[in-house]
Structures are given as C-alpha cells and as structure tokens.
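Model the placement of chain B with the ligands on the given structure of chain A, informed by the hints.
2 protein chains.
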Amino acid sequence: MQSPLIQELIEAFRVLPGVGPKSAQRMAYHLLERNKSGGLLLSQALSKAVEEVGHCSLCRTLTEEETCSICQSARRATGELCIVESPADVGVIEQSGIFQGQYFVLMGHLSPIDGIGPKQIGLDLLESRLSDGSVSELIIATNPTVEGEATAHYIQQMAIKQGVVVSRLAQGIPMGGELEYLDSGTLSQAFLARRSM
Amino acid sequence: MQSPLIQELIEAFRVLPGVGPKSAQRMAYHLLERNKSGGLLLSQALSKAVEEVGHCSLCRTLTEEETCSICQSARRATGELCIVESPADVGVIEQSGIFQGQYFVLMGHLSPIDGIGPKQIGLDLLESRLSDGSVSELIIATNPTVEGEATAHYIQQMAIKQGVVVSRLAQGIPMGGELEYLDSGTLSQAFLARRSM
Ligand SMILES: [Zn+2]
Ligand SMILES: [Zn+2]
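Which chain is which? The protein sequence lines are A and B, in order. Anchor point for the first sequence: position 162 equals 162 in UniProt numbering, and the numbering is continuous, going up by one each time. Anchor point for the second sequence: position 50 equals 50 in UniProt numbering, and the numbering is continuous, going up by one each time.
Errors might be hidden in some of the hints.
Which copy is meant is left open, because identical chains are indistinguishable; a pair holds if it fits in one copy or across any two.
Below 25 Å or equal to it, Euclidean Cα-Cα: the simulated PhoX-like pairs (lysine-lysine) are [to be verified]:
#1 161 <-> 22
#2 119 <-> 22
#3 48 <-> 119
#4 22 <-> 48
#5 48 <-> 36
#6 119 <-> 36
#7 161 <-> 48
#8 36 <-> 161
#9 119 <-> 161
#10 36 <-> 22
Treat the hints as calculated values from the structure; they're not laboratory data.
Bound conformation, chain A alone:
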C-alpha cells in the first residue's frame, strides 16, 4: 500500500552502513516531509562524488584529481611515508596535526581468504616507490588487528629488502581498536612513541 517511489527510496537508504529498515524509513520521511531541498542537495553531492572521485595515482587515497592535495604539496615531501588502511585514517591523522609527511593508502589489508593479496592493496606501487630513494622512513599505521598486523609484517619485510627504515605506531592504540575512531591525543602518543621494527 506504500508509494513505490518512497519504498524504493527506503530500500536505497539501506546501502548506508548501520542503517536498518526503521532508520531508512525515518530518513526517507524526514527528507520528503521536512527537507526536500536538503534531499536534492544530498542526491546531487552523491552522484557527483560517485562519478568524479577516483584514486590518487601516487598514494591511492580517494580524490577527484589525478593526485591528491597532500601528494601535490612540496611541503609534505619530507621523506616520511605513512602507510594506512583507508582514507578515513588519513583524515584522523591529519586532524591530530602530528604528521607532516606523505601517505600511502592501502584501501584495505591483506586477506588471502578473500583473494586480497599484495597487488590488490597496491604493494607493487609501494615497492617501486620505496626503490626510488625518496622515502627515508616508512611509518606503518595499519590497524592493530590480525589482518593489519600481518599486512604490517609483509610491508616491513619489503622495506628491509629496500633498505628503508621502518617504524610502527605502537603506544596508545588499544588492541582490536580501529584507527578511525581514535582521539587525536591517543593518536599523537602513538606517533611519538613509535618503535622501530
């Protein structure tokens, strides 16, 4: 008995993480009853981002340009390269203000069971970057989970082979926690107390 367009909209909202049938319904009604212009802006922002945002050719983070603003900045070419799993991790490290170098974004972690090997997380690109002599220190900031640790170990071996100093964020990150949800203080601690590996 529900309007088909509203039903489709409610189902479409289910693609969002953490949105079940009840919240999807609330979202649809909220926009249609009270904020159609906000709904239209969201629709436009979404289609524009989906169509134009791709990956930085240097660090693999999400960007609508060929290379992201951090990779473009000469100020950031300090020789320190921080490895993270996701663009959200870049965001939280940038917020803390503790790190001035560049990033390499894996867009995931090694997960052989899901068919995600070194190539899928861009480690061929990382290896050629390590071999060109521009990286003086590799700071590994993958999540302290089983997969994140395995990925860190793999990258560490790669860096050792290339003769690049490697360190890993350590102190302050709770086991099993996710970088994305850390506060800036804890994260700054983890940067300052990073241990070589």
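Just chain B with the ligands now, with coordinates in the frame of chain A:
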C-alpha cells in the same frame, strides 16, 4: 586537505536525522570505497522521490499520485476514518493489519507557538469531509503527547459539531511515546480498546 567533493558529500549526509559528523564520514567513505553503484542508486531514488512525491489530495499522505492507493481503494471506504500525524504512522498501522478503513494524515500537529494552526494541518479539508456524510466514525490516533492530545481535542470538537462518532486510541500506548515506534501487538490492542470521546 580533504577532497572538496568528499567534504561536500559528508556535509550533505548531515541532513539525515541522527547522522553526526562521524557517521556522515563513514557513509561517504563506505559508498565511495565499496559501493559506488549503491550510491548512484540512492542518488537517483532520492532525486526522483523528492521531485515526484507530493501529497494525496484526499488524505494528505505522501504519494507520487494525485490520490494515494488507500484512498483509491473502494474496499477501504468503510466509513471509518483514522487521523494520524504522519505517513509513518499510516505505515505502522497498516503493518498491524487491524484497521480496514481510510486515513487522514495531519502531517504534524497543532502547535500555535510555531504558527501551526488548524489550516496548516489540513483541518479545513477534514471538516468538509466530515460534513459530506461519508464518515461514520472518526478514530483519532495522534501521538499521546501534549500537542497530540490538544490536536485530538480540537478534532473531537469538530466531529461533535458535525455529528460524527469519535473515538481515540487509548490502551497500550505509553505516555510520551511515539506511534511510529510501537510494535503491532500494542497497536492492535490500542485499536481494539479505543474509547469513545
Ligand atoms: Zn595522494
Ligand atoms: Zn490518500
């Protein structure tokens, strides 16, 4: 340092109820990293619904047609007219299966302090409907809040003037609760035990 398009998308997600900066960011990254096609479908469903969904000319609920499917159905012309505050309330009553009549959707409640009087919630339309003799019983299912009760009282007076029997959902609805979040059982109870007023 964030991509402008991603930043705009994150801000756009804030129009959704219950979505703060952190969840907005998670939603944006989730779609861009893992489900671009889902994001595009959401964008399309949203613009289509925003552009085409309006109000039923008979009951005021949200619909993309001139009149909604319930108002169109001859089976539903039982003479019972249920007054609710929102389209979501129609949904939850329909789910319970307890009610076979038609609805009138206020799209809000009386709230003089916000400039919402009888006209803003369509009571002129309701009054002309009550006067045409098609309604044998008015079942008021506004929320059991202060504003919902005041609105119920106003409509009750209107119905009495028109000589239409009025009842109000009563038993089982917790004070201060919102109809939209009730389970079907409680709601069915409230229908069966409705008291005349
Ligand atoms: Zn980049
Ligand atoms: Zn209708």
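Between residue 36 and residue 22, at a C-alpha cutoff of 25 Å, which is it: within one copy, between copies, both, or neither? Both, since 20 Å and 23 Å are each at most 25 Å.
For residue 119 vs residue 36, is the C-alpha pair at or below 25 Å within one copy, between two copies, both, or neither? Classified as between; 21 Å across copies, 44 Å inside a copy.
What label fits residue 48 with residue 36 when the C-alpha limit is 25 Å: within, between, both, or neither? both (18 Å within a copy, 11 Å between copies)
Have a look at residue 161 and residue 48 and pick one of within, between, both or neither, based on CA distance no larger than 25 Å. neither (42 Å within a copy, 55 Å between copies)
As a check of your reading, is residue 119 near residue 22 (CA-CA no more than 25 Å) within one copy, between copies, both or neither? neither (40 Å within a copy, 30 Å between copies)
Up to 25 Å between alpha-carbons, please classify residue 36 paired with residue 161: within, between, both or neither. Neither: 57 Å inside a chain and 37 Å across chains, both beyond 25 Å.
How would you label the pair residue 22, residue 48 (within, between, both, or neither) given a Cα cut-off of 25 Å? Intra 27 Å, inter 21 Å, cutoff 25 Å: inter-copy only.
Up to 25 Å between alpha-carbons, please classify residue 161 paired with residue 22: within, between, both or neither. For residue 161 and residue 22, neither the intra-copy (53 Å) nor the inter-copy (39 Å) Cα distance is at most 25 Å.
How would you label the pair residue 48, residue 119 (within, between, both, or neither) given a Cα cut-off of 25 Å? Classified as neither: same-chain Cα gap 29 Å, cross-chain 40 Å, threshold 25 Å.
My question is about residue 119 and residue 161: at a cut-off of 25 Å on alpha-carbon distance, are they close within one copy, between copies, both, or neither? So residue 119 and residue 161 pass the 25 Å test inside one copy only (18 Å; across, 77 Å).
Hint compliance for this structure: hints 1, 2, 3, 7 and 8 are not met, and every other hint is.
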